[in-house]
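Colleague: Residue-level listing of the chains:
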Amino acid sequence: MRRALSAARGLGRRPRLAALLLAGAAAAVLLLLAGAPGLTRDEAALVAGAEPAGAAQAVVAAGRAALGGIVGELRAPRAGSAVAGGALTGLLALLGAVLAGPGGLVLAPLLFWLAPRHLQAGLSATPDAAAAALALAAAWAYRRAALGRHRRDRLRAAISAGLLLGAGLALRPDAWILLAALVVHAALLRLTGRAAPPAGAEAPAGIEARLHGVPLALAAMAVIGPALLLAASPGLLADPAAGLPALVRGQLRGRGGPAPVEWLALTLPAGILAAYAGGLLHAAWRVLRAFRAHAPAEIVADDLLLVLVPVAYLAAGHLGLGAPGAGVRPWLPAAPFLALAAARALLVAAEVAWPRRARPLAAALAVLVLAPPCWAVVRAFPLGASAWSELAGGAPGAAARGLPRQDGGEAVLALLPAVNERAAPGARVFWPGIPPAALALYGRDGRLRADLAVAAAPEDADLAVVSLDGGSRDDEYRAWGALRTDRPAAGVYRDEVPLAFVYARAGAWR
Amino acid sequence: MRPADLPARLARRALGAAAGAGRAAAPLARAVWARRPGARRATAVAFALLLAAAGVHGLAFQGSLPGRLPSALDWAAARALLEREARPGDAVAVSPAWAERAREALPGTVPILALPRYEGELLPGVRRVWLLSVPGAPGFSWEPELDLVRLAARAEPLPRLGALALSRYALAAPHLPLAFLPDRMAGAEARLGGVPCTAAPGGFRCGEGGALRLERTVREVDGRARPCLSVYLPASPGAPLELTFPGVPAGRWVRGHAGLVGGSPAGAPVRVALSVDGEEAGAFEVAGPGFTPFELATPGAAGAFRTLSLVFTWPAPAGTLCLDAVTLP
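The listed protein sequences correspond, in order, to chains L and Y.
The first sequence begins at 1 in our numbering and counts up by one.
The second sequence begins at 1 in our numbering and counts up by one.
Bound-form chain Y, shown alone (with noise of 0.2 Å):
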């Protein structure tokens, strides 16, 4: 016998046993077919086993879905983590995005965001980004740090702690602002109409009996928290509100967000003029929903520490406006 032959001779020894096999089986297979259920009876097999699966699975899921969240241990491990090892610039994502426990458990002195993307976000002010995310959390998505991932020069994946998987991305490009305005309300002047406005915590109350209020705060717009400057405009007094901020370290370029709280009661827009050291550098226009970015070029008051002013009109009630500004080399 050559070499050659042996391949085909033991597929046609393997070919001659399977049939073989099989004339043998048939006879079963034809009892078994035989006697099969009837449909009544195979639909209620049917049933009970898709019921015995629904409690299967009903009891693996109730079984395992605290050992797939972070426990109280795991937690105060991240705690301990970061304590030791965050620097300034660095921030918390949490992934998901309602893993918020980590506001209560993590130290204060580093900053949590909890968005359900980064695509897109500036980030002022973060250099570097711990994720702290739960991956074995139903629902859970990896597109938070697909994101992360995306925006960063280097990423580094740390020791799992618990169900918590941590790790750290520095970003390519932070945004680091010179000034951001809204932290700037305590050395302010607000005026309405040239006349000045009363201080009042966390910023100004303008005309009459204080309608008008301004105020460096937190609101809700686009279905995000935003620290922002917000303004509430009642009906217009027919004269423009102007906030001035003296000795900001201005740079070439002035770029933020502004939304309206809830969207406009009207659709009135209202008109932000930016200008500085008294001359117009730009203006845009807020109206809808949605928190709009807006950029304006200063390039001639770079390097210097200027007076910038915002100037509020509007026609009409407008709601709260929140506005994020900051200033950029």
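Excised from the complex, chain L in its bound form (with noise of 0.2 Å):
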């Protein structure tokens, strides 16, 4: 266990080997699955290109143009998280390997995606999956820099993590919390006196040497980062001094609803949650004890990390500050570091508890921990947003707290089929929540009739199709005036809880 993260390089070819195969495979099911679940608000003004320019919207607008015919419209807007989503199973997958064996490498990405909003972060075109993914890399590199026993070893990572926390940071601004996580962890190392090199390496010199013990890959990613961001925002570049107060703004999100880490109890299936919290403290008393113990620096540093990462943004998120978003969109970056400490605390409990034993234990924990949630991903599909933990009371625990729904009008493409079918020929529907760019998009991919208009009030309308994500109703109660009926004439349900409704006027549904 005293491996650290840097000594991925010194895996052998079959881990490697295995978390290549698992990365592909992951992106394929990803891609397999992306279709089914509906355009959510925050996905369709990316495909809307309503959003500020930047990386996300060329990577949807990118996905649509090469995938757009073969894989179909709505699918290939998220041709882009399916990949990432691939990348962050691959990287958990060696990252599970370095920290805790064989098993970690299986059970780090199991841990992160058997929670149904993860799994749904990686089905969506927001770039969530991504920003997780290149947080975790990032990290990575951070660390490799640091312990890198040649010169230019360290400069080659510190770059790559100058790189990866700039193509974070022009996906997700967010990335900047990553950044302050390093450098409390660059700080804590040095006042605790652990900054040095590795025994054995290479002085620093040149650019390293006139740092004065600042960590290269931080001087990377503090001169990299912002250059990529302002390369990938033209209107940031045009306009410094509008669009930097906008940028700031843009991170203010605001406290309101449920706290982080209630979120977390409230959306992360039990075991899963238990696992991430005992790997947090796991990981935390790790470092204590390696701070007294006088441990070097490659043993306290990749747990301090684990510890810090997830701290920061939670952090972040109760001081209201960070990626605005639905759901657990916010602090998605710190879920892999979570299934990784995770990962190991499972095993190393097990190789304690019962050392004699410690695999087939290990094996049956896994199994408890991870077959609800296996089996609510599979309740819960495509309508993973309208899932809650068993500690929330699932969805009708949710509801009858008055917590969201669903991320922001998903749940109307399972409407869409009652529609097409029943609907009067030409009728006008009222599409009150729905975006416009989602609507179109449903057309194009076939799943919404042709000859039905839009209609933009209840008033002009034989339909309306209004989705109940737990905010205002107005609008459906609109519609019961105009339409004359409070009774739907089809719905969709999460477990018996209505995430969306249509209603008719008498004789526009057949």
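Hint data in this document are derived by calculation from the structure and do not stem from the laboratory.
C-beta atoms are modelled at their ideal positions from N, C-alpha and C, and glycine is treated no differently.
One thing to keep in mind: the hints can contain errors.
Beta-carbon label-pair distances, calculated as ranges [what the hints assert, rightly or not]:
id, chain 1, residue 1, chain 2, residue 2, range
1, Y, E121, L, V454, 46 to 52 Å
2, L, A259, Y, E121, 29 to 35 Å
3, L, R401, Y, E119, 16 to 22 Å
4, Y, R35, L, A222, 37 to 43 Å
5, L, G471, Y, A72, 42 to 48 Å
6, L, V223, Y, A211, 28 to 34 Å
7, L, A259, Y, R79, 26 to 32 Å
8, Y, G89, L, V261, 46 to 52 Å
9, L, P102, Y, E143, 39 to 45 Å
10, L, R401, Y, R150, 23 to 29 Å
Sample of chain Y residues at the chain L side, in silico, Cβ under 8 Å [stated by the list, open to error]:
id, residue
11, R40
12, L51
13, F61
14, A72
15, L73
16, R216
17, T217
Put the two chains together into one complex; each comes in its own frame, and the hints tell you how they fit.
Modeller: Dropping the structure here:
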């Protein structure tokens, strides 16, 4: 267990091959499943180009241009997320193997993806899976830059860290939280006298020597990261006076709704939540033990990273800082770190609790922890953003607490077959809360009849398709008044909790 | 031996036996304590047990949830029962309030109430409430049922329909209005500064370009659906808006609620005055959030058909006002 993240380079061929295979398989599965969930408001904004032009939009546009005619209009914008999800799986497998051996290789990706909302992020066009993958990769590169024995290796890793952070910033500007966590990490190591290069490493020279102990990777991240962000944001480059304040404002998410820790408790399946919490405490305990024992940096640094990054994202969420977005989006980049720590904690617990039967015990624990979320994922699919944990009481318990029922209108997709089959020819449909970009995409993908017209107000409509997301229902009630009925013609439910309804004027529903 | 000594002797024997057992078990306990796991192992065992418990709980939750919620058959049974037994003046209350599949599954002739609480609700026109609840649902609360028990003269539990529990409550003091003003829009007249408004589907359009709209609709005010007369009040034209309902069966009271949809944009109050046969009976102001109740006495108007007018004045754009009003005996 004393292997460091940097030891991944010393892994055998088989774990590397296994990680690569897992990455490919995960990307293929994600792409295959990506056609099932409906489009959320956040995704529709990206597809429509309503958000400030940036890398996330470019990825979505590239996916549509390259794959639109091959994999379908709904899958194509999500192809980038599928690729990122594959990369994240590979990274989790690789680092899981480094931290906890072959068991970690399998467990770490499963502990991440079997949370229904994490899987939903991999099936969404939003850049969350990519942000999570880039955060993990940047942290790994940062560690490699600190532990490299040769100057050239350290420089190469530092530049990689800068590029990865820059890509992360370009996709989701809240990657600054990772940089902040790494700054704290470096400062703590320095304060405790563990910032020196490992024994036998080449002495710093050139630019590295001129940094006076500031880690090379941090310097590279601080320079290359913002540069890439600027390069990927033409608006910011053209008018910094207006763009920079807007960028800062975009990171002030504001408080409201459940706190991040509460979100984790209410959305993560209980077994995964317990494993994450245990993993975080285990890593923290290892850090404390290593500090007390004056252990060298390579023992402390990885565990400190596993603690600091999740804590930084959750703390930022508590303070109302970070990326705006529905559900678990804002702190998703913390989850891979938690999954790694959880995988290691589970395997260590089995090893320590019953050394002679460590493997069977670990397997039994893994099955017990992963079977319920696996069941939940199957039951929730494709409405993963409507899934709530056992602690929340599932979707019914969450609805009773007034929590959001979905991320933003995606459940409407499940109603479209009924609308296509039963709406009168040429019917005018009122779609409150459903972005026009989502409707256009459904139409191009053949999911929505071409003869149905969009009505701007319920008074002008024959049908109203309303999405229930736990927020205001004024549009739905207006439709009751205009269509003279409060009885839906069809509905979509998750464990009996309504997610979307169709209301029809008399004669408009065959 | 006297019978009275028996309990004391039995107690002494029991104590002696317990002391002997304790002496015999002490070495075993010492051995077990000596071989207790170290703190690290104990923590690992505790963590493994926690993971196992969380997993078992997760399996039990996922496995039991569908059985705790109503099936299609349960809803069909509820529909058949209500089709057979519901009467005019009946309404169905669903609990929890999110169980709105009832809107799709139950007969359209029975109004559906989906409120988290019923305390203080007037429930106009309702004599009996059928409470359709899902007691097995996670997060279920008995509060709606307790509210209805307080409002009812008689409660009648009915056989369960699978996961659906059903009970019927006859309200002790049903709120039976003589007239619900928003439902009389068809015969109403509207004037803005004395100029007649144009009739439109469900209401009227007034002012230049029909910017001022009145309609019978349902709006969300204070987080609930409110069937009401909605009045969209843009910038004040400097003249009052008068809505007249001829031939209304009047009583001793006009009661209702008024509120602004989404609150008032400028915080400007809206004054609403009620007149009966041309004489002002009272007025009230609406400002800020909430669905505020009002009550105006019309004792002289009782027992006859009267012309009721609502006169709206507002100094600044006020958004959309939602108003319901009933005449009561």
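Colleague: Evaluate each hint against the coordinates.
Modeller: Tested hints:
For E121 of chain Y and V454 of chain L, the hinted distance range of 46 to 52 Å is not satisfied, since their beta carbons lie about 37 Å from each other. Separation of A259 of chain L from E121 of chain Y is about 33 Å and conforms to the stated range, judged on CB atoms against 29 to 35 Å. As the Cβ distance of R401 of chain L to E119 of chain Y is approximately 20 Å, the hint placing it in 16 to 22 Å holds. Distance hint check: the CB atoms of R35 of chain Y and A222 of chain L are about 55 Å apart, inconsistent with the given range 37 to 43 Å.
Taken as a hint, the range 42 to 48 Å is violated for the pair G471 of chain L and A72 of chain Y, whose Cβ atoms sit roughly 28 Å apart. Hint check: V223 of chain L to A211 of chain Y, Cβ distance near 56 Å, so the stated range 28 to 34 Å is violated. Judged by the Cβ atoms, the range 26 to 32 Å given for A259 of chain L and R79 of chain Y is violated: they are separated by roughly 42 Å. For the pair G89 of chain Y and V261 of chain L, the beta carbons lie near 49 Å from each other, so the given range of 46 to 52 Å is met.
Roughly 53 Å separates the CB atoms of P102 of chain L and E143 of chain Y, a value that falls outside the hinted 39 to 45 Å. Checked against the hint of 23 to 29 Å, the C-beta distance between R401 of chain L and R150 of chain Y comes to roughly 25 Å, which is consistent with it. The criterion of a C-beta within 8 Å of any C-beta in chain L is met by R40 of chain Y, whose closest approach is roughly 6 Å, and the hint holds. Here the hint on L51 of chain Y is kept, as its CB sits about 5 Å from the closest CB of chain L, short of 8 Å.
A cut of 8 Å between beta carbons decides the hint on F61 of chain Y: the least distance to chain L is about 4 Å, and the hint holds. Residue-level restraint check for A72 of chain Y is violated (minimum Cβ-Cβ distance to chain L is 11 Å; threshold 8 Å). A cut of 8 Å between beta carbons decides the hint on L73 of chain Y: the least distance to chain L is about 14 Å, and the hint is violated. Given the 8 Å rule on beta carbons, the hint for R216 of chain Y holds: about 7 Å separates it from the nearest Cβ of chain L.
Hint on T217 of chain Y holds. Least Cβ distance to chain L is approximately 3 Å, under the 8 Å limit.
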